[in-house]
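Asks: If you want the building blocks of each chain, they are given just below.
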Amino acid sequence: MTDVWRTDERIALRKVVRDFTEREIVPSLAQWEEDGEVPRSLHKAAAAAGLLGTAFPESVGGQGGSTIDNTVVSEEILYSGGSSGLLSALFTHGIACPHIVASGDPALIDKYVRPTLAGEKIGSLAVTEPDAGSDVAGIRTRAVRDGDHYIVNGAKTFITSSTRADFITTVVRTGDDPHHGISLLVVDTDSPGFSVVRRLSKMGWLCSDTGELSYVDVRVPASNLIGAEGSGFIQVAQNFAGERLGLAVHGYGVAQRALDLTVAYTKQRIAFGKPLISKQVVRHKLVEMTRAVDVARTYAHSIIERHCAGEQVFAEAAMAKNQAVEACSFVVDAAVQLHGGAGFMRDTEVERHYRDARLLPIGGGATEVMNDLIAKALFG
Amino acid sequence: MNIVVCVKQVPDTYEEKKLSDADKTLDRESVEGVMNELDEYAVEEALRLKEAHGGEVTILTMGPEKAVETIRKALSMGADSAVHVVDPALHGSDALATSYALAKALGTIEHDLVILGVESTDARMSVIPAMLAERTGAAQLSFARKVEVDGSTVKIERQTDTGYDVVEAQTPAIVSVVEKINEPRYPSFKGIMAAKKKPLTTLTLADAGIEASNVGLSGSGTSVAEFAARPPKQAGTIVKDEGDGGVKLAEFLASQKII
Ligand SMILES: Cc1cc2nc3c(=O)[nH]c(=O)nc-3n(C[C@H](O)[C@H](O)[C@H](O)COP(=O)(O)OP(=O)(O)OC[C@H]3O[C@@H](n4cnc5c(N)ncnc54)[C@H](O)[C@@H]3O)c2cc1C
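Keeping their order, the protein sequence lines are chains P and V. Numbering-wise, this note's numbering comes out as the position in the first sequence, counting from 1, plus 153. Numbering-wise, this note's numbering comes out as the position in the second sequence, counting from 1, plus 201.
Just chain V, with the same shape it has in the complex (with noise of 0.2 Å):
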């Protein structure tokens, strides 16, 4: 079973992002990179179906040169292999342009499987596994919360809002994960040591043969119009007990139309 794993570098959830006012992109060099946290579900489920039925682990990646500091960390997790995808052309591509370009590279890719985590922490769009599916032609088995492996059947436990439901394809697939599906371990040193000796390949738009009308921001379907920041925190109403708070702190919910 040979697995492609996509994996993203996002900004770190903890701090402050900025878009550029340029091109209103997310500004990627300002922050520190890591990897989208439900990719590591994605990579560290790979890794277990690879310990449990053989075949490699790849990590396709697409983003600016920096993602390759992600793409080490996917590979010091104990990932055979990587391809990156990157070019200027990029910049800017949405979803629909960014599914394009996965799409394509992962047609260099010999695989069984593709596993990825069901949105990114940055864009949350939670639209790229349905849309590498619609282009590639693959099953689409998302919100996975177990994944089981038999030949060519891939079944999962797709995760509601209720419970589950039990949904089976054919290879080839391609699973989105919830957090809920495994523990991803940490980089072992001797994994982190192996990391760089480890195959990357870098594509550009030529190499995967992405058409350059069809992706960045020229080549993406949407656009972003404008952005604001988040207003700062009002301070808040402090209602003191002098016997009578109840009645005050239902007069403020009165007040706000909550009761």
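Only chain P is shown next, with the shape it has when bound in the complex (with noise of 0.2 Å):
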């Protein structure tokens, strides 16, 4: 049978992958985590290495391939000693592009696409405000058209990497209907009277800056809408389900690698006169854990195959982001506790995976979230 995950191709970007992370990204990560965000060298690194433009078309810069192949540069990220809010603060883009490079619109394309797949802009995707979040329909932030401009008013928070954004992909409002009122927007962030209000401080995902926007009379092109108006609803829906599977990819792939660091940590620490991973209760856990990234891999690859091939997965996407995440909080905690007191200490690379994985089950739509769409698809 052939494994489309272990192509030659893949096997070789594999290789790629980890030999950029070992070099590029592990030695500076704690630095990172430190500084609260990563540098820009790191976008123009990763681009130079072609590591941004996977599953972004030739035509706008990217690399070209599929979301098997965005996946296993992720998935190799992550195996490697990477995290999940390196991933985050490193392919924002990955959300924040999507929707203008769908509306085929050639300026905006070159005014933000292709940049940021070179490495050399960084983008953000605002759709959460103090006020709504899950519920993306009862979103405030206001554009009232006046000539060629909108002028954008309100507020949006928790948004990844905006705090050293050049460009905010916006959720606005354009009209009263609430699915049909929203609107996409390009905004520049040194457009007068866009602030960044502040810098959030946070549980874990430490080097992914995290920030609360305000927008007070911005004026912005009426050219930088995104597709049409009262598309936005449709557009940022279009993009559920790869944002969700990417969120799965995350699950499963930092839960493998909290899971290879407490195989190697068992096996050496030894307690009552033999290594930890001699007591059958320790090596049942480790099997538990095993199962279970196994079985949200598995699953989750499934579903990106059938998404690349065009199959409409709405409901299985959100189901491969609850498994892999389950599977995640479950594997990062046990990770923990069979590292005893080292589990706890920050030097300890599952203690950082513990603290990022708790906002999987939140961030991208909330696992009850996910579940009432399931429901719905499943039962009407």
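Honestly, I wouldn't trust all of these hints.
To be verified - Partial pick of chain V residues on the chain P-facing surface, computed with a CB cut under 10 Å:
1. LYS274
2. ARG359
3. ASP366
4. PHE390
Said to hold, decoys possible - Simulated pairs of lysine-lysine, DSS-like, Cα-Cα distance not exceeding 27 Å:
5. P:LYS420 x V:LYS219
6. P:LYS420 x V:LYS434
7. V:LYS381 x V:LYS356
8. V:LYS381 x P:LYS197
9. V:LYS251 x V:LYS391
10. V:LYS434 x P:LYS427
11. P:LYS168 x V:LYS434
12. P:LYS197 x V:LYS434
13. P:LYS197 x V:LYS391
14. V:LYS458 x V:LYS267
15. P:LYS274 x P:LYS197
16. V:LYS399 x P:LYS168
17. V:LYS381 x P:LYS168
18. P:LYS264 x V:LYS391
19. V:LYS356 x V:LYS251
20. V:LYS381 x V:LYS251
21. V:LYS356 x P:LYS168
22. P:LYS274 x V:LYS391
As the list claims (entries may be wrong) - To be clear about the criterion: a stretch of chain V counts as covered by chain P if any three or more of its residues have a C-beta under 8 Å from a C-beta of chain P, and this derived list gives those stretches:
23. 212 to 223
24. 378 to 389
Source of the hints: derived by calculation from the structure; they are not laboratory data. Cβ atoms here follow ideal geometry from the backbone N, Cα and C, with glycine treated the same way.
Bring the two chains, given one by one in their own frames, into a single complex with the hints.
Replies: Now the structure itself:
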């Protein structure tokens, strides 16, 4: 049977990503966690290695390939010592750019997508507001047409990479209809009236900056509208499946790493005269962790394959996310437990994964919201 | 400027290497094969020269079937084509025999310049560049930390213990490079996808005009008489400082005849 995940090319890609992670990420990750952000030089280096553009067509400055290739990149960064926070910081364009690409607008693509995939610009996607998170249709940031501009007023919060960003793909209200009154507008962060109110301090994802944003009478050229006015909700929704599958990869990827670290640790840690891994209770726990990771990955892989084949996998992507996130929560908790006191220490890698993993059941669609969607698909 | 880069697949530096008991050659099947690290610098330098002056970069590899993975990596970095000399009769070739086979293979490729790493991490002989120059009659520019090309003139900075020499030659020339020369690029995704479609020529002994009697174990001038594993590390001596640490250290060093 041919395994699409291990073709010659994808094995070669894994090697490059592992090399890149070990050389350019792992040695500095602790520093970036302390800094609260990753440097622009990392975006440049990743772009030079061709890692930012997988699954983006060559016609917009990408590397081509599919979500499978993109998944291979994320997996391998996680397996070789990166982190969920690192992925969110370095690959924010994965949520900030797809709508611009899909719109096919050459001016927007040249101005925002190409330089971002070249590692020269950073973009964010701003949906969440202080009063609206899971309920996207509840957003209130308003864009009012004024000649060939929009005037934007409102606030966004919890926005990844926004304190470093050059542009923010902003979800705005252009009409009163909950769904059809929503549009997407690219806002340059140097526009007068736009400001980063503060950089939020967090439990995890420390190397990924998260900002609270304010828009006061920000004049945005109408040409920065992505797609048609009123099509914002559909555009955001069209990316849901891909985004959720991406977070499923974070889930089983982090879990796999935490598992690998724990197997290594329990092999070398001696307690009561023998390595920890010789204890039946420990062995069974490691087996359960392995099972959780493998089931989550296998299911996610199969849904990603169907997604790549063009199938509609709305509910399945949500299930893949929940399955992987649940596996991750279980595995990182067990990993910390099996590391004992060391697992509670800042210098121990699983401690970081434990904190980082806590976001996964909340971000990109909370577990309960996913379950609601799945229920609707299954039972009407 | 057409350039050939000689690239060798070697066992991963970090893996345990084994010699086979039967013929005392390296067991290449049991370990992960990677591109000899210095050859990555050689490929990078060739690609930079090509980007500046035009021409084509061809990878030349002698090695078993498996070495094709390493050839692909060089192609995915951006080389244009590759020649793989592969023949069971080559198994066990020493440096002399290898340089003979490579020189023959070089004869099948049109080129102005040959670039290679100064040594391979498995054999560490560091003689192939010189032997190739001798066999092909090309000028030898060794230990290059910088290469400049102007028409048919090739100028290098040759790394020495105390500094560098500037050495110049006319093409055809053979340049061996040190790791100071550049920072090798990562193969890009696009490069990886394109690599399989690039021309890869396979040469047997007959194709390259290599005499079987000059290569392989029997055609080699040297042979491995015996080998032994590195002895396990001995536990060190720990000197506990109870106010007299300095004296104890000095006594230890004296007992080892170091001071
Ligand atoms: C580190 C970080 C980075 C983020 N990055 C971005 C970003 O880049 N861009 C962006 O737009 N947003 C971002 N977010 C916001 C994130 O998408 C939201 O936090 C998430 O959608 C949940 O929304 P909320 O926080 O408003 O929670 P709420 O919607 O208030 O929900 C709170 C909780 O209530 C429960 N709940 C919600 N709805 C239901 C329901 N229907 N049924 C049952 N229970 C329910 C869930 O347990 C949920 O966790 C980020 C958040 C964090 C923490």
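Asks: May I ask which of the numbered hints given earlier this structure violates, with the numbers listed in increasing order?
Replies: Numbers 2, 3, 11, 12, 14, 21, 23, in rising order.
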